[in-house]
Amino acid sequence: MAAYIGRRLLQAIPLLVLISLVVFVLLHLIPGGPMAAYGNNPNMTAADFARLEHDLGLDAPVHVQYLRWLGALLRGDWGYSLASKRPVLVEIGDRLPNTIYLLSISLAVTLGIAIPIGILSAVRQYSVLDHAVTTVAFAGQSVPIFWFGLMLIIVFHVVLRNPVSGAPLAPGGGMYTLGEPFSILDRLHHLILPVSMLAVVGTATYTRYMRASMLEVIGQDYIRTAHAKGAPTRRVLWHHAFRNAAIPVVTILALEVPVLFNGAVFTETIFSWPGMGRLFIESAFRYDYALLMAIILIGAILTIVSNLLADVAYAYLDPRIHYG
Amino acid sequence: MLVPLDRRCFVRSLRRFCISALVGAAVFLLGFPPGLAYPQGARGGTITFALYQEPELLNRYIGTQTALSEVTIFTVEGLVDYNDKGEYFPRLATEVPTRQNGGVSADGKSITYHLRDGLKWSDGQPVTCEDVKFTWQAVSHPKSGAAYTSGFRDIDRVECPNPTTAVVVYKTFYAPYLDQFTRGILPKHATGDPAEMTRWAYNRKPLGTGPFALLEWVSGDHITLIRNRFYRDSPKPFLNAVIIRITPSREVGTQLIKTGEVDIVWDLIEANVPELRPVPGVKIGAAPGPNAERLVVNLADPALDAPPPAEVAKHPHPILGDARVREAIELGINKQEINEKLLYGLATPGTNELGIGWAKCVTKVSEYSPDRARQLLDQAGWKSSPDGIRVAQGAKFAKDGTRLRLKLQTTTGNKLREQVEQLLIDYMKQIGLEFYIENIPSAVLFGSWSSGAFRKHGQFDVVMYTTNPDADPHSQIEGYFASWKMPTAANNGDGFNYARWSNQVADDSIKLAGSSADLAVRKKAYCAAMDELVKDRPHIYLYGRSQIHGYRERVQGWVLNVWTNVGWNAQDWSVK
Chain A
0 MAAYIGRRLL
10 QAIPLLVLIS
20 LVVFVLLHLI
30 PGGPMAAYGN
40 NPNMTAADFA
50 RLEHDLGLDA
60 PVHVQYLRWL
70 GALLRGDWGY
80 SLASKRPVLV
90 EIGDRLPNTI
100 YLLSISLAVT
110 LGIAIPIGIL
120 SAVRQYSVLD
130 HAVTTVAFAG
140 QSVPIFWFGL
150 MLIIVFHVVL
160 RNPVSGAPLA
170 PGGGMYTLGE
180 PFSILDRLHH
190 LILPVSMLAV
200 VGTATYTRYM
210 RASMLEVIGQ
220 DYIRTAHAKG
230 APTRRVLWHH
240 AFRNAAIPVV
250 TILALEVPVL
260 FNGAVFTETI
270 FSWPGMGRLF
280 IESAFRYDYA
290 LLMAIILIGA
300 ILTIVSNLLA
310 DVAYAYLDPR
320 IHYG
Chain B
0 MLVPLDRRCF
10 VRSLRRFCIS
20 ALVGAAVFLL
30 GFPPGLAYPQ
40 GARGGTITFA
50 LYQEPELLNR
60 YIGTQTALSE
70 VTIFTVEGLV
80 DYNDKGEYFP
90 RLATEVPTRQ
100 NGGVSADGKS
110 ITYHLRDGLK
120 WSDGQPVTCE
130 DVKFTWQAVS
140 HPKSGAAYTS
150 GFRDIDRVEC
160 PNPTTAVVVY
170 KTFYAPYLDQ
180 FTRGILPKHA
190 TGDPAEMTRW
200 AYNRKPLGTG
210 PFALLEWVSG
220 DHITLIRNRF
230 YRDSPKPFLN
240 AVIIRITPSR
250 EVGTQLIKTG
260 EVDIVWDLIE
270 ANVPELRPVP
280 GVKIGAAPGP
290 NAERLVVNLA
300 DPALDAPPPA
310 EVAKHPHPIL
320 GDARVREAIE
330 LGINKQEINE
340 KLLYGLATPG
350 TNELGIGWAK
360 CVTKVSEYSP
370 DRARQLLDQA
380 GWKSSPDGIR
390 VAQGAKFAKD
400 GTRLRLKLQT
410 TTGNKLREQV
420 EQLLIDYMKQ
430 IGLEFYIENI
440 PSAVLFGSWS
450 SGAFRKHGQF
460 DVVMYTTNPD
470 ADPHSQIEGY
480 FASWKMPTAA
490 NNGDGFNYAR
500 WSNQVADDSI
510 KLAGSSADLA
520 VRKKAYCAAM
530 DELVKDRPHI
540 YLYGRSQIHG
550 YRERVQGWVL
560 NVWTNVGWNA
570 QDWSVK
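Protein chains in written order, with numbering that gives the first Met the number 0: chain A, 0 to 323; chain B, 0 to 575.
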């Protein structure tokens with residue numbers, strides 16, 4: 000196993016270099032560039048322009064810029080944001096906790112709803128409940144997430160009001176009320192809408208995974224054996240069936256790790272959440288190459304690592320699986 | 000095996016671990032990030048201001064966006080600044096230097112500023128002439144990374160005869176000298192090495208003299224400014240704090256002001272006005288600003304790469320090189336209708352570059368006369384053809400048989416501009432001219448000379464966008480309309496004369512304006528240039544944008560100033 004993991008990690012290195020090269024070239028192929036921010040400013044002379052372009056290293060050919068970037072990275076230097084002039088890791092460090100905060104709570108809510116419903120739906124296959132769950136899950140997966148988020152704001156922030164105070168039922172954005180002392184209730188209040196938005200889509204997906212996985216397991220011989228031995232249904236379901244059905248779901252969960260890093264662009268934008276998704280979009284609009292490269296490359300590393308993690312966890316949880 | 004652990008035991012302990020980890024994580028996450036509570040606690044004295052762009056940083060000499068100065072205006076002050084009429088008024092100086100008060104020497108090259116007595120930074124340190132001197136040294140340092148160096152490199156020295164007097168001596172006369180220190184004075188004791196300017200902690204937390212001091216900046220979320228205890232004009236400021244709330248879009252801000260979550264929403268567009276006007280408690284502040292949407296018309300042959308003036312004269316644009324065609328285009332545009340249909344009547348019909356401000360030049364709005372436009376085109380040798388698009392037959396520069404067809408370009412993703420384009424296509428069709436559209440992202444349109452941007456290199460017919468002069472219009476007027484400001488290979492693409500217009504009277508007037516310290520003389524010279532501009536039409540002005548902000552009725556004391564930023568008089572703000 001150790002050899003397997005070692006091999007996989009070694010394979011990841013050329014892959015990462017390739018990813019970084021392709022992304023770097025693609026970013027520089029996008030027409031325009033960071034210098035366009037100064038392009039319409041009558042107070043800047045051509046000499047100012049050339050000086051700044053040189054200071055930022057943007058006047059060098061793309062391959063030279065890439066090698067400079069790669070060289071600095073190998074020395075552990077991720078570079079500075081072209082816009083804010085701060086180290087890119089500081090920029091990411093400012094936003095990452097907010098994203099992890101929102102997405103991990105959403106994931107917990109999602110799983111808390113999706114797993115019981117998925118199991119129930121599988122156990123009562125083709126019942127009214129199952130049909131209802133399947134329909135709702137399809138609807139949840141198909142709803143455009145940005146539309147749903149805006150609807151949540153219109154209904155719970157703009158239209159519906161607290162009958163006593165007249166205040167909106169839920170805040171329309173932000174992580175907490177500005178200028179107020181810290182309060183857990185206020186935090187929870189601000190989580191309601193964005194978490195609902197993420198949980199609707201997430202729940203739809205995970206319910207379907209859980210249902211499919213559970214259906215496969217309860218058709219197995221050992222479940223019938225357990226029933227034949229006279230084990231109570233509850234015990235058969237939880238002890239025998241769920242544990243095995245959960246294995247694929249656990250491995251899918253491992254793939255959520257890069258998502259926790261990359262953030263949720265739509266949700267963060269709609270609910271003014273200062274997370275990684277918005278940082279990425281804003282950097283893209285500003286052609287902030289150094290910051291974009293860092294976000295994409297860290298995302299790629301996490302994807303590779305979490306895939307490996309999923310495979311290892313799979314082998315670990317299911318004794319039938321072996322990697323040579 | 001990775002870990003010597005029985006599988007069943009592993010699963011069981013995993014479950015236990017998961018539960019406790021989840022509980023722990025929940026407790027941790029709900030308390031995270033800790034966020035700074037506003038110290039005085041009173042909300043009655045706080046105004047929340049919605050900004051739909053996050054500033055890159057807060058150093059006005061490095062950053063480029065308007066959003067940046069919308070924040071720094073609360074804390075960073077210059078020696079003089081512009082008031083709501085576009086005139087200079089003293090901020091840190093006791094008076095605006097002029098010839099009359101002895102602040103400007105006879106040759107106009109040495110400018111004396113007197114600082115107010117007892118001025119302090121918001122940390123209590125005194126403000127002295129050394130800070131003015133440092134500002135010049137820092138910005139003009141070759142390694143500073145500053146974007147705004149115009150004028151600073153022309154300064155020979157800053158003399159400090161005493162701590163409250165700063166004498167700025169220029170090497171050569173610099174007409175917009177009053178503009179020099181409007182962007183703010185840098186505190187020498189709270190910044191750092193000029194060569195390291197882009198790395199200064201100041202850029203994230205500037206120290207100033209204004210009514211508010213920066214408390215914290217939570218990336219992507221908000222910036223809190225609290226009352227500056229050392230503000231010179233006690234008992235001002237009246238507010239305890241101003242919170243800048245960064246919203247992902249303008250639309251979010253307009254929603255937040257409806258529910259009262261924010262008090263001021265910055266930079267609305269015309270289309271927001273009908274939506275916000277009926278909302279109780281919300282008011283709209285709007286005034287014509289210096290932004291003018293225009294068609295930049297290429298007078299040179301677009302097949303050439305960045306031709307200098309002599310080449311332009313030899314190779315004019317086959318269609319647009321003829322002044323009659325440009326006149327026909329302007330006469331064919333119904334500016335009134337564009338304003339009413341697309342801008343809710345909130346804009347002003349475009350005339351010339353100097354529609355407002357101290358250098359305002361009044362020229363007549365072009366009339367809408369498609370008949371006259373058709374006549375002009377007939378005279379210019381563009382004859383009607385069966386498909387409605389005219390064809391050259393004895394035109395001045397175009398070969399016979401050339402169709403009267405031009406490329407119209409503007410930035411992508413701007414709904415208003417796309418709607419204006421549709422109207423323009425319609426108007427031109429009626430006079431027999433065909434506009435075809437090829438829009439491009441703004442980063443490409445405004446690209447640099449070295450990146451080969453077509454605007455810089457003169458490879459276009461007609462481009463539509465907005466630009467505006469500062470309160471001192473010199474760099475704009477010279478940059479766009481002086482013949483020596485055509486970007487060419489010889490000058491490394493310097494200047495903005497994309498129309499490649501050269502006019503002797505305009506050139507002389509711009510030179511005169513650039514060499515005089517007398518605002519009256521300068522204004523007269525600019526207006527002479529504007530008269531030529533209106534005749535020659537290198538730019539065809541469509542409409543002047545208004546600056547529009549929304550605010551809630553509880554905000555008292557705010558005065559709209561189109562020349563600077565919303566917070567320009569924040570010391571006078573209060574809440575009902």
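Treat the hints loosely; a few may be bogus.
[Said to hold, decoys possible] Below, a list of computed lysine-lysine pairs in the DSBU-like style, where the Cα atoms sit at most 30 Å apart:
#1 B:K313 x A:K84
#2 B:K313 x B:K398
#3 B:K363 x B:K398
#4 B:K359 x B:K523
#5 B:K108 x B:K142
#6 B:K414 x B:K398
#7 B:K119 x A:K84
#8 B:K340 x B:K363
#9 B:K359 x B:K204
#10 B:K522 x B:K359
#11 A:K84 x B:K204
#12 B:K84 x B:K359
#13 A:K84 x B:K132
#14 A:K84 x B:K142
#15 B:K84 x B:K428
[Said to hold, decoys possible] Computed beta-carbon distance windows for the label pairs:
#16 B:A488 x A:W146: 20 to 28 Å
#17 A:H188 x B:Y343: 32 to 40 Å
#18 A:L187 x B:I424: 48 to 56 Å
#19 B:R198 x A:W146: 26 to 34 Å
#20 A:D58 x B:K510: 26 to 34 Å
[What the hints assert, rightly or not] Just so you have them, the derived chain A footprint on chain B, three or more residues with Cβ under 8 Å:
#21 73-80
#22 205-214
#23 368-382
#24 413-426
#25 554-562
It should be emphasised that the hints constitute simulated quantities derived from the structure, not laboratory data. We put the beta carbon where it would ideally sit given N, CA and C, even for glycine.
Hint check:
1. Between K313 (chain B) and K84 (chain A) the CA atoms are separated by roughly 47 Å; this puts the pair beyond 30 Å, and the hint is violated.
2. In summary, the hint linking K313 (chain B) to K398 (chain B) is supported, as the alpha carbons are separated by about 15 Å, within the 30 Å threshold.
3. Taken as a hint, the K363 (chain B) and K398 (chain B) pair is broken in the structure, with Cα atoms around 34 Å apart against an allowance of 30 Å.
4. Between K359 (chain B) and K523 (chain B) the CA atoms are separated by roughly 10 Å; this keeps the pair inside 30 Å, and the hint holds.
5. Of the supplied pair hints, the one linking K108 (chain B) and K142 (chain B) holds, its CA atoms being roughly 26 Å apart against a limit of 30 Å.
6. For the hint pairing K414 (chain B) with K398 (chain B), the CA-to-CA distance comes to about 36 Å; that exceeds 30 Å, so the pair is violated.
7. For the hint linking K119 (chain B) to K84 (chain A), the alpha-carbon distance of about 28 Å falls within 30 Å, and the restraint holds.
8. Restraint check: the Cα-Cα separation between K340 (chain B) and K363 (chain B) comes to about 22 Å, which is no more than 30 Å; the hinted pair holds.
9. A hinted pair counts as satisfied when its Cα atoms are at most 30 Å apart, and K359 (chain B) with K204 (chain B) does not qualify at roughly 37 Å.
10. In summary, the hint linking K522 (chain B) to K359 (chain B) is supported, as the alpha carbons are separated by about 8 Å, within the 30 Å threshold.
11. At roughly 13 Å between alpha-carbon atoms, K84 (chain A) and K204 (chain B) fall within 30 Å of each other, so this suggested pair holds.
12. A C-alpha spacing of about 11 Å is found between K84 (chain B) and K359 (chain B), which places the hinted pair at or below 30 Å, so the restraint holds.
13. Between the alpha carbons of K84 (chain A) and K132 (chain B) the distance comes to roughly 25 Å, so the proposed pair stays at or under 30 Å and holds.
14. At roughly 14 Å between alpha-carbon atoms, K84 (chain A) and K142 (chain B) fall within 30 Å of each other, so this suggested pair holds.
15. Restraint check: the Cα-Cα separation between K84 (chain B) and K428 (chain B) comes to about 41 Å, which exceeds 30 Å; the hinted pair is violated.
16. Hint check: A488 (chain B) to W146 (chain A), Cβ distance near 51 Å, so the stated range 20 to 28 Å is violated.
17. Judged by the Cβ atoms, the range 32 to 40 Å given for H188 (chain A) and Y343 (chain B) holds: they are separated by roughly 37 Å.
18. The hinted range of 48 to 56 Å is satisfied by L187 (chain A) and I424 (chain B), whose Cβ atoms lie roughly 54 Å apart.
19. For R198 (chain B) and W146 (chain A), the hinted distance range of 26 to 34 Å is not satisfied, since their beta carbons lie about 43 Å from each other.
20. For D58 (chain A) paired with K510 (chain B), a C-beta distance near 32 Å keeps the hint of 26 to 34 Å intact.
21. Only residues whose C-beta sits within less than 8 Å of a C-beta in chain A count toward coverage, and the stretch 73-80 of chain B has 0 of them, not enough to reach three; the restraint is violated.
22. Given a C-beta distance limit of less than 8 Å, the hint that chain A covers the stretch 205-214 of chain B is violated, as 0 residues qualify and 3 are needed.
23. Coverage of a stretch by a chain is defined here by at least three residues with a beta carbon nearer than 8 Å to that chain's beta carbons; for the stretch 368-382 of chain B and chain A the count is 0, and the condition is violated.
24. Residues of the stretch 413-426 of chain B lying with their CB closer than 8 Å to a CB of chain A number 0, which falls below the three-residue condition for coverage.
25. For the stretch 554-562 of chain B, the stated coverage by chain A is violated: 0 residues have a C-beta nearer than 8 Å to a C-beta of that chain, whereas at least 3 were required.
Of the hints listed earlier, those the structure fails to meet are numbers 1, 3, 6, 9, 15, 16, 19, 21, 22, 23, 24, 25, in rising order.
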